[in-house]
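Once you've looked at the hints, dock chain B against the given chain A.
Those sequence lines, one after another, are chains A and B.
The opening residue of the first sequence carries number 1 in the UniProt record's numbering; numbering runs sequentially from there.
The opening residue of the second sequence carries number 1 in the UniProt record's numbering; numbering runs sequentially from there.
Worth flagging that the hints you see were computed from the coordinates, not collected in a lab.
Yeah, the Cβ is synthetic: ideal placement off N, Cα and C, and Gly gets one too.
Honestly, I wouldn't trust all of these hints.
Residues of chain A placed beyond 12 Å of chain B at every Cβ, according to the derived structure [as the list claims (entries may be wrong)]:
| id | residue |
| --- | --- |
| 1 | 36 |
| 2 | 41 |
| 3 | 43 |
| 4 | 67 |
| 5 | 68 |
| 6 | 73 |
| 7 | 94 |
| 8 | 105 |
| 9 | 129 |
| 10 | 154 |
| 11 | 155 |
| 12 | 180 |
Selected chain B positions facing chain A (in silico; Cβ < 10 Å) [claimed, not checked]:
| id | residue |
| --- | --- |
| 13 | 117 |
| 14 | 228 |
| 15 | 528 |
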Amino acid sequence: MSETYDFLFKFLVIGNAGTGKSCLLHQFIEKRFKEDSNHTIGVEFGSKIISVVNKFVKLQIWDTAGQERFRSVTRSYYRGAAGALLVYDITSRETYNALTNWLTDARMLASQNIVIILCGNKKDLDADREVTFLEASRFAQENELMFLETSALTGENVEEAFVQCARKILNKIESELDPERMGSGIQYGDAALRQLRSPRRAQAQSAQECGC
Amino acid sequence: MLVGALDTVLDSNARVTPFRIVLQAPGSQVSWVIASGASLEEVKTHWCWLEVNLLDSLSVFENKEDITSFVNGKIKGLIADESGGQQDPEGYREAVVRLEQRFGLPPREKLIARLTCCLWKTHVPRQGWMYLTHNHMAFYSYLLGKEVKLLLPWAEVTGVERVCVGRVTDVLRVRTRTRQRDFSMFLSMDDAMATITQLTDLALRRVLPTAGLRTPHTLIHTALTKRALEDHALTQDVLSLFGLPRTESVCEVRVCALWTPHLRSHTHGTLYATDSYLCFSSREPGVCSLIIPLSEVLSVEKAETSSVLPDPVIVSVRGRRAFQMVGVCDRDTLLEAVTDRLRMLRWKHAIYKGQHSQHTPLISPTPYYTFCYDTDGEADKSQRHVISTRPLISLNQSRMPKHKTAAERRKEALWEERFEEFGRGTHMFRTACLHKLVAMGIPESLRGDLWLTLSDASSELAAHPGYYAQLVERSLGEVTVATDEIERDLHRSLPEHPAFQSPFGIDALRRVLRAYAHHNTHIGYCQSMNILASVLLLYAKEEEAFWLLATVCERMLPDYFNRQVIGVCVCVCVCVCNGSIKGLADLWI
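For reference, chain A alone in the conformation it holds in the complex (with noise of 0.2 Å):
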């Protein structure tokens, strides 16, 4: 894959152990089930280009550790994330539960306008499922997330929770959201994009250059 993109975003894969954050990432980049995974130990991390409306955005994916104990290591690269995965297992009430502590970190210490989407994984296992969709999508309501359930295992809506965070952050660089500010978490892909879409720096700088 060629390496030219637009814009480059800072994501972070969060939640319990256990929930499938890493497959959720393999599967985004590899189109496969891992088998015989190991836990993530600290950090692991991840990149892939995807199309949303025109633009090619380079993910930069940050896949933490999600044993209680490694937090306060994890939570050092939350610093300018642009989006994140929040993950729980809809098979296990406890991972939905830590949901709440692990809002709180999100919002606290990534970038103020972090754009979250909330994952349901394991949803290949419905029959074991503790937590309703409903339940789930009323928390993500309530809290202004996104929401999905995914399945790492099938590969089900797993591209689309991505490609949903990324397109909720491009909306916001549309409108509201400031990619220059320090730790949003956005970089531009190339110079010249840059120059395009501020004008009225481009023209400060061409004056600029007249002046000299």
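Then chain B, alone, in the frame of chain A:
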């Protein structure tokens, strides 16, 4: 030679005697008052004494530092002689009263040390006293009618370092969040630095009780003295030098020479006797070190003194080996202390054994599973609590390549040679060559064995017979957060290795991890311990793997696995600061 270093200074300050002999080494800003007198005659007698007693011997020395340190040592020795080894209780009491008057600290605030030094305030040095207490650093100076008072709680100190400022070469800089203070002209910079760093560290531990850093019990408030601090520092140094358990404390320290057969000579160094070890470290770092667990020791005796071998001490250990140390000063006290420890250990061991012989071996008839994550057959469950007595790798031999590679065989030969010459077991001579050999990679056939002896997990194993079996039994039915987390990770530990694709391996891993979580609730279960344990289980028996895991988590990497994984955080910080993963740091920061 001394002329450049000595001069007599007349001081108008009435509080000190008018005539003094001051020693100043060229290039150093510190000068030492080594004699004083009320009249010129008095000083002259001192001067004569110096000429007679010191100047002759000074011509022996080559450089000026040696002279300074020699003269200092001499003078200090004289003072100590005069005061009969007492640590100036009068002065101490006075200092306590002064501290209380000037700073109004509560009386329970214990004074640990009082140092004379100089505070730099906008390029002006202010000579005065620094008081180090349990919670505060205080500085007081009264010079030319100007009073300088400074009180700084340790908890506010963010850094202590030695720097150079302009012409002043050795400055101790104390940083707080808002500003920094520079001190210089300590009598002993090393000493001041050590005490200050230790106190800051202690304060940090008190401020962050949740960080899982425990304040050593020897340093609790009431017992805190300068002496305790020094002892603690020594103990910490020795424990980290030899990787001993944190509960050990140093009893005796002796300079001596150890007979090292591989060098056909004696090696000079220091012998440390701790609660359950005898350790030796050569004066030249890395030449040779030795760790003898007292549990291995059969006897410690003194031998006949001869002109070639003064004050020899012979330590005999199991396996018909003995170590000889010579030049051990005050060997009787040392022998007494060690023999006492030995007797106590044997007595403990006898009691432990007595208790244990009544204990029935572990075969629990009750199924311990209250819930089930995996879907193994019923037949397997009965096998779950039977402790495996073989390394997992030996069970999977059929799937492994039968032939050892040539490199592997060559390495094995090298190790065999080494065992011949340097001995085998925990008390082998540890030299620089050993480190190289380990770094080359230990051959698979020796891994379990060498891990046990080099880390000294073998002593723990020997000291606690049957303990692991008890732990396994007790942890069987437990349901805690830790057991929950363990279950989740059992199938995520070396999943690609055949040993962990069968219930046999998984069960062994489960037992080890659960037993450890039960054994050390302070750590419980930390992700990554599963991977460690899996690798250990491959090459060591189950019980050995347990003690190896305990050694790694408690002795080799303390603070890495506790609830706050503070060691990991520190590591990440150091990495980011040093720029070794600069790419990562640059990416978003």
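Taking the hints in turn, this is what the structure says about them:
The claim that residue 36 (chain A) is not at the interface with chain B is violated, since a C-beta of that chain comes within 12 Å of its own (minimum 4 Å). Separation of residue 41 (chain A) from chain B is inadequate, the least Cβ-Cβ distance of about 5 Å not exceeding the 12 Å criterion. Non-interface status of residue 43 (chain A) relative to chain B is broken: a Cβ of that chain comes within 12 Å, the nearest being about 10 Å off. Distance to chain B contradicts residue 67 (chain A) as a non-interface residue, since its nearest Cβ pair spans about 5 Å, not more than 12 Å.
Against chain B, the non-interface label of residue 68 (chain A) is violated: not every CB pair exceeds 12 Å, the least being about 8 Å. Here residue 73 (chain A) does not stay apart from chain B, with its beta-carbon only about 6 Å from theirs, under the 12 Å limit. Not every CB of chain B lies more than 12 Å from the CB of residue 94 (chain A), the least distance being 9 Å, so the non-interface label is violated. Residue placement check: residue 105 (chain A) keeps its beta carbon more than 12 Å from all beta carbons of chain B (closest about 16 Å).
Listed as outside the interface, residue 129 (chain A) is consistent with that label: its C-beta sits roughly 17 Å from the nearest C-beta of chain B, beyond the 12 Å cut-off. Under the 12 Å C-beta cut-off, the non-interface status given to residue 154 (chain A) relative to chain B holds; the minimum distance is some 20 Å. No Cβ of chain B comes within 12 Å of the Cβ of residue 155 (chain A); the nearest lies about 21 Å off, and the non-interface call holds. Interface exclusion of residue 180 (chain A) from chain B stands, the closest Cβ pair being 15 Å apart, more than 12 Å.
A hinted interface residue such as residue 117 (chain B) counts as satisfied when its beta carbon comes closer than 10 Å to some beta carbon of chain A; here the least separation is about 38 Å, so the hint is violated. Hint on residue 228 (chain B) is violated. Least Cβ distance to chain A is approximately 31 Å, over the 10 Å limit. Residue-level restraint check for residue 528 (chain B) holds (minimum Cβ-Cβ distance to chain A is 5 Å; threshold 10 Å).
When each numbered hint is compared with the structure, violations occur for hints 1, 2, 3, 4, 5, 6, 7, 13 and 14.
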